[in-house]
Each structure stands twice: as structure tokens, then as C-alpha cells.
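Protein chains: 2
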Amino acid sequence: MKTGRMKTIAALLVLYMGAMAAPAVFAAESTMPPPLMIQEQGSFAAGGSVVTGADGKTLHGDHLYAFYQIPVNARKLPLVMWHGHGQFSKTWETTPDGREGYQTLFLRRGFGVYLIDQPRRGNAGTSTVPMTISAKPDEQDWFNTFRVGVWPNHYPGVQFPHDSAALDQYFRQMTPDTGPYDAEVNADAVVALFKKIGPAILVTHSQAGGPGWLAAMKSENVRAIVAYEPGSGFVFPENALPPALKSSGGDVLAPVAVPADAFKRLSKIPIVIYYGDNIPDHPVGNRYQDMWRIRLEMARTWAKAVNAQGGDVTVIHLPDVGLKGNTHFAFSDLNNLQVADLMSAFLHEKGLDGVSTPAK
Amino acid sequence: MKTGRMKTIAALLVLYMGAMAAPAVFAAESTMPPPLMIQEQGSFAAGGSVVTGADGKTLHGDHLYAFYQIPVNARKLPLVMWHGHGQFSKTWETTPDGREGYQTLFLRRGFGVYLIDQPRRGNAGTSTVPMTISAKPDEQDWFNTFRVGVWPNHYPGVQFPHDSAALDQYFRQMTPDTGPYDAEVNADAVVALFKKIGPAILVTHSQAGGPGWLAAMKSENVRAIVAYEPGSGFVFPENALPPALKSSGGDVLAPVAVPADAFKRLSKIPIVIYYGDNIPDHPVGNRYQDMWRIRLEMARTWAKAVNAQGGDVTVIHLPDVGLKGNTHFAFSDLNNLQVADLMSAFLHEKGLDGVSTPAK
Chain A
1 MKTGRMKTIA
11 ALLVLYMGAM
21 AAPAVFAAES
31 TMPPPLMIQE
41 QGSFAAGGSV
51 VTGADGKTLH
61 GDHLYAFYQI
71 PVNARKLPLV
81 MWHGHGQFSK
91 TWETTPDGRE
101 GYQTLFLRRG
111 FGVYLIDQPR
121 RGNAGTSTVP
131 MTISAKPDEQ
141 DWFNTFRVGV
151 WPNHYPGVQF
161 PHDSAALDQY
171 FRQMTPDTGP
181 YDAEVNADAV
191 VALFKKIGPA
201 ILVTHSQAGG
211 PGWLAAMKSE
221 NVRAIVAYEP
231 GSGFVFPENA
241 LPPALKSSGG
251 DVLAPVAVPA
261 DAFKRLSKIP
271 IVIYYGDNIP
281 DHPVGNRYQD
291 MWRIRLEMAR
301 TWAKAVNAQG
311 GDVTVIHLPD
321 VGLKGNTHFA
331 FSDLNNLQVA
341 DLMSAFLHEK
351 GLDGVSTPAK
Chain B
1 MKTGRMKTIA
11 ALLVLYMGAM
21 AAPAVFAAES
31 TMPPPLMIQE
41 QGSFAAGGSV
51 VTGADGKTLH
61 GDHLYAFYQI
71 PVNARKLPLV
81 MWHGHGQFSK
91 TWETTPDGRE
101 GYQTLFLRRG
111 FGVYLIDQPR
121 RGNAGTSTVP
131 MTISAKPDEQ
141 DWFNTFRVGV
151 WPNHYPGVQF
161 PHDSAALDQY
171 FRQMTPDTGP
181 YDAEVNADAV
191 VALFKKIGPA
201 ILVTHSQAGG
211 PGWLAAMKSE
221 NVRAIVAYEP
231 GSGFVFPENA
241 LPPALKSSGG
251 DVLAPVAVPA
261 DAFKRLSKIP
271 IVIYYGDNIP
281 DHPVGNRYQD
291 MWRIRLEMAR
301 TWAKAVNAQG
311 GDVTVIHLPD
321 VGLKGNTHFA
331 FSDLNNLQVA
341 DLMSAFLHEK
351 GLDGVSTPAK
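Here the protein sequences line up with chains A and B, keeping their order. Counting in this note's numbering, the final residue of the first sequence is number 360, and the numbers go up one at a time with none missing. Counting in this note's numbering, the final residue of the second sequence is number 360, and the numbers go up one at a time with none missing.
Think of the hints as simulated: they come from the structure by calculation, not from any bench. Glycine residues also receive a C-beta, built at the ideal position from the N, C-alpha and C atoms. Wrong hints could be hidden among the right ones.
Cβ pair distances, simulated, as ranges [what the hints assert, rightly or not]:
#1 B:E349 with A:K136: 47 to 57 angstroms
#2 B:D341 with A:K196: 26 to 36 angstroms
#3 A:V50 with B:K246: 47 to 57 angstroms
#4 A:V51 with B:S49: 30 to 40 angstroms
#5 A:I316 with B:A262: 53 to 63 angstroms
#6 A:R99 with B:R300: 47 to 57 angstroms
Reference listing, derived: stretches of chain B covered by chain A, where coverage requires no fewer than 3 residues with Cβ under 8 angstroms from a Cβ of chain A [said to hold, decoys possible]:
#7 131–144
#8 249–255
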């Protein structure tokens, strides 16, 4: 009798999940969000290496750490979210002002979500190479670099909260490297993750953009990439490198050479790249803005190069599609629901959001 | 009409949660665990400090990081789980062999769960004090210290998997300090967490035991403590210090002096302390076992001291209650469901597992 009741309830839960597929409608009906229904969650290390000391003792390091959640009746392809420089999984979790970030928003939209800490960062802290952490105060530089404004002023209309509590949380979501930064080490760990979990969609932020391309060249399980503001590591065929770009502040953005056949693999998957607001279209004196001008320009050059080989890369400057005021962290900005809607539309358009056969 | 349907489903969900309150019955009916129903989840930083450089730039550090999940129809007091030396929140997540750890097990049992990374560790990486990380290979020492066995051999009957994949995950769940270890900094951050979240139950592992007592002395929101294998930082009234204990290997365990009135506060809450197996009751040559002999002895001395002031401290050596083979990580060992049952029984006995009025 109990079994029968559980089956009835299970059927209703599926019905309930159906209702959740229309979150906008649901939100209009209730101020309290519906519960998340998680079929499975957990964490593990992927990739990495082992070094052995003179006394035969070992150190396992250079792996990534992943925390994952799979909702009931999940869509077929999960999302793997990869933070940028100085950041960790928090990038995708609760926003600085306490709202739901991409981790929970996309669970609500039916996707499995894997959050990673890349090797030598956050919960993947063990590096096989020693490191000194300087604890140097420099947060004002990041406020500027992340285009919240020019310290201590916010950009007019910026999609970032103005209260000090949110800024406190924002600064505390930075964390230092615990070993030397190494794009190949990072890409290899991500390839190991995709080998373990199977086909999935890679979502990168900032510095993860470059090793994200490397991972996609190494693993066919990377079925699409959504890249928020990649700022370095743009790969090009070694025989067709574009010129390096230079910002007004002296920042140099050089292409990264890769074998032509490896580059070609990037033309096999859909890729979308988003950049936020307050990026000028001509050189300006504010070096923190101008460094993003050359990055957006390089991204457009990169898209053309991939698309020339039959690729499917779209670069979207958010103000061009009506989203104003976004910082370097569009996915956690005040308008992040709209930013997420754009990503959802991309995934739908490319046929990446299908629902798998529900588990029995 | 839709609203009506949602209300019906919501009522059934509550019924469903009722069924989950009897997990043993449920498990007998299905091989797939029921979905977790999470009302809310997210992460934030708590506590910490700010330093300012000569150029006026700031660094926010020394906070803790917390990831929390609150189930539907949660019990009134959530659990705050605090890792030990060289570890981070992973301690409580998926076990090395891929089973559910305390995070998910106690969510299933209806508790809100906060996992923390203490200041200068894991996702709370930013320290205001510089640090050099040595990347020294030493994992065999930890295999021994954590009483899995004497490398490379497992203790007979040890509740730890024998496969190399699990050992790989186990070693990769260690992570270095990113700043100097400071028990007061850690306790203060935990006090800030309890100030933010309100009354809760503190669950500590190993090195967190000591700063856990400090936090309970500083915050009345710490309503109970479950301590797994505290190994240092036993606090005593400064006018009644017991002698330091010395192991056969030369390890010295000294009491930590605190003001008598602060110590007295520990007598106001229920506390249970658990130790696993392979801890001798008399001095032995194996220093990795003998260091635990003196720690268990000190814990018993500590319990007597608190109880002499009207306290409620129980020390349980797991083999004495029929649980054999446990390592330093009883909560993630092969028999962790039984270990969790013991903790559940303690919480129930002390009236700490009541269910709050469901939110409207």
C-alpha cells in the first residue's frame, strides 16, 4: 500500500516538474520559489597528478574539484561552470546581494549543474608546485577591472548593487592561486571531468575562456561553449595568427598559436560569447575599460576565424541586444535572470536543452 | 486553476516529506533514493577582516565560506559542519568511494546543513597574512594518522574501502592552509556565522574541536556540539589545568587555559564526542595510534571537568557501542549510516531535532 502511494506521489512530482518548466508563470503565482528537486548531488576530484618525494611519500595535486547537482527529470546535457581569474565556484552561486546565481537558476531550468574549482584554486587547493601567496591589498583594481565603476564610483546604471554588504561579499568571493597558474594543467583536468561525466555544455568565465577552448579541442564531450567575457588565451591556427592588440594602458593581448587541425575542431560545436556594458568601441584613457575594448575586438576576430572554417560562433555585446549596465559578471548582475534567459534561448536554438528519458 | 493545482501538489509534497522521515522503510521499497527537496540553497562569506595597504587599497580576508541547503519542512535547528586539519567542506560531502556523506544524509533526515570552509582554507582562501605553501609529499603520514592502517596496509576490518580509486579521492580531499593557522580567527568567523544564521548545532571534526569549544563559549547560538575525534585545543579553567599528556612517539597534548567563567558556559549545552577504532587503551609503539590514545584520554578528562560544573558531555568510543573498524573519519566510513544513526539518536534524545512550523 505504501509502495502504491509512493508511485502516485512520484507521478505527481513529475507533473510538478512539468510546471517548473515554465518558471515565469510559476513565479507570478507565488512569492516563495518552489523547492528544488534534486535527484542526486555530490562532489569529487577529477584529473591531476601525483608526485613522489625522496622518501617515497606521495602528493596528489593539480586535480579539479567538482560539486554537482542533477535535478529530477534532468535535461540530457548538464552544464559545467568554470570560474575566472581569482575566483572559484562562488562565481555561479549566490550573488553578492544574496539572490540565486546560475547554479540554482539553471537547476530550476532542469539542467544538471557541475561547478568546478580549477586546479590550484579554492577547493582544488593542492598544487604539486610550491607557491607563495602575497596577501597584497589590490581590490580596488578588481573593482575597476570588473567594470563595476572607477573606484569608488559606480558606472551610471551599472547592474551592481550599491550597498556595502554586497561589496563585502563580492570582494570575499576572490581567492588566491595556491600554485602557479597553468592553462594546460587546467584544461587537462577539465578534459578528465568530461571523460568522467560524458557529453556536457561548458560555461566559462573570463580567464577560463582560453583553457576552455583547449579543453574543447581535446574532448569531444564538450558539446557547446557559453563564454562570458573571455579575456585571454584566444587560440588561432599557428599559420594564421592575427596581430596582437594593445590597449591605451599598455595591456597587450596576443593570440595563442595551436596546430591548425586542433583549431579546426572548434568549428564543430556551437559557441556563444557574451560581453557586458561599458566597453568602448574606440581607444579611451581609462585603461580598465580599454583592456576590454581589445578583448572584445579579439573575440570578434576569433569568431570570424572559427566561422571561416564552418564554425558556429556568435559574439554578443549585451548592450546591442538591449541589456545595459552589465559588469564583467553578467550572470550574477542585478539583471541576471534576463542574462540567463539569453543563454537559455541560445541552448534551445541549438538543440542543447532536450530532456533525457526519465530514469525508471 | 493553476494555483489550486500547485496547492494540491504542495500538500502532497509535505506528505512525501513525511514518508522521507522514515528513510529505512523507504529504502526497502526502492533502490533509487528519493529526490532531495531543497527549499533554499546558497553560499556566503561570514566574519573576517579587512587590511589596507600603503596605497589605500584593501584586502578582505580571514572570513569563512559557507554553502547551505535547507530542506522543505526543515527541523528547527540546522547543522553547521566544520572540517578538520588539512581538509575542507569535502569532509562532509560524497565519501571517497562515492556514497552520500553527512551533507546529503542529514538533508534527507530533515536538517538544514551548512558546510563551512574555515578561514584560510579551501573556498575561504584569502588570508590577510602571507603564506608559503610547500607542496611537500606526506600523504602516507596522513594514511597512518587517520588510522586507515599502517601504510601500505589497512587495519584488519577497517571501515575504509581498499580500492585505489577511493584512496585517490581520499588524498585529493586534502588541501593546504592558505594562511597561518589561527584558532581564534577561526572561532571568530564561526561566531559570525552563528550570529547570521541563529541557533544551530555545531558538528566538528578533529582540529575543529578546539576552536569549536571557543565558538560555543562566545556564542549562545551554538546549542549543541557533536565532535568527531577532537585532537587538540581542549580548554580548561586556567586555575584547574590537568597535566599535559605525552604519547610514545613524543607527541605532547597540553590543555589550553581559558577564564573559568568562559569555561563554565560549556556546561550549558549538550555535547557528544565520538572516537573510532584502533585506539589503544595503553601505550603502544605505533605513534600514529598512540597519539590518539592520549587524545581520547584527554577528551575523557575534559568531559569530567565540564560535567563537574553541571555539564552534559558524553564521550563515546565507537567500539564500545558495537561499531568496529572506524577510522578518523567515522562519518564517511563504510558504515557511516550507522554512525549517522548514533548522531540522530543523540539529537533526538536531547530534543534537538524538532520540526519548525512549516513556512507558509
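**Study point:** CB-CB spacing for R300 of chain B and R99 of chain A relative to the 47 to 57 angstroms hint
**Key:** Given range 47 to 57 angstroms: holds, Cβ gap about 48 angstroms.
Point to revise | Given coverage of the region 249–255 of chain B by chain A, tested with a Cβ cutoff of 8 angstroms and a minimum of 3 residues | key: violated (count 0)
Check your understanding: Between E349 of chain B and K136 of chain A, does the beta-carbon spacing fit 47 to 57 angstroms?
Key -> With Cβ atoms ~51 angstroms apart, the hint holds.
Exercise for review: Mind taking a look at whether chain A covers the region 131–144 of chain B? Criterion is 3 or more residues with CB to CB distance under 8 angstroms.
Suggested key: holds (count 11)
Point to revise | Pairwise beta carbon distance, I316 of chain A to A262 of chain B, judged against the given window 53 to 63 angstroms | key: 58 angstroms, holds
Check your understanding: Could one say that the CB atoms of V51 of chain A and S49 of chain B fall in the range 30 to 40 angstroms?
Key -> Between V51 of chain A and S49 of chain B, where Cβ atoms are some 34 angstroms apart, the hint holds.
Point to revise | Outcome for the supplied range 26 to 36 angstroms, where the beta carbon pair is D341 of chain B and K196 of chain A | key: 31 angstroms, holds
Practice item. May I ask you to test the hint 47 to 57 angstroms on the CB atoms belonging to V50 of chain A and K246 of chain B? Key: Violated, at about 35 angstroms.
The earlier numbered hints that this structure contradicts are 3 and 8.
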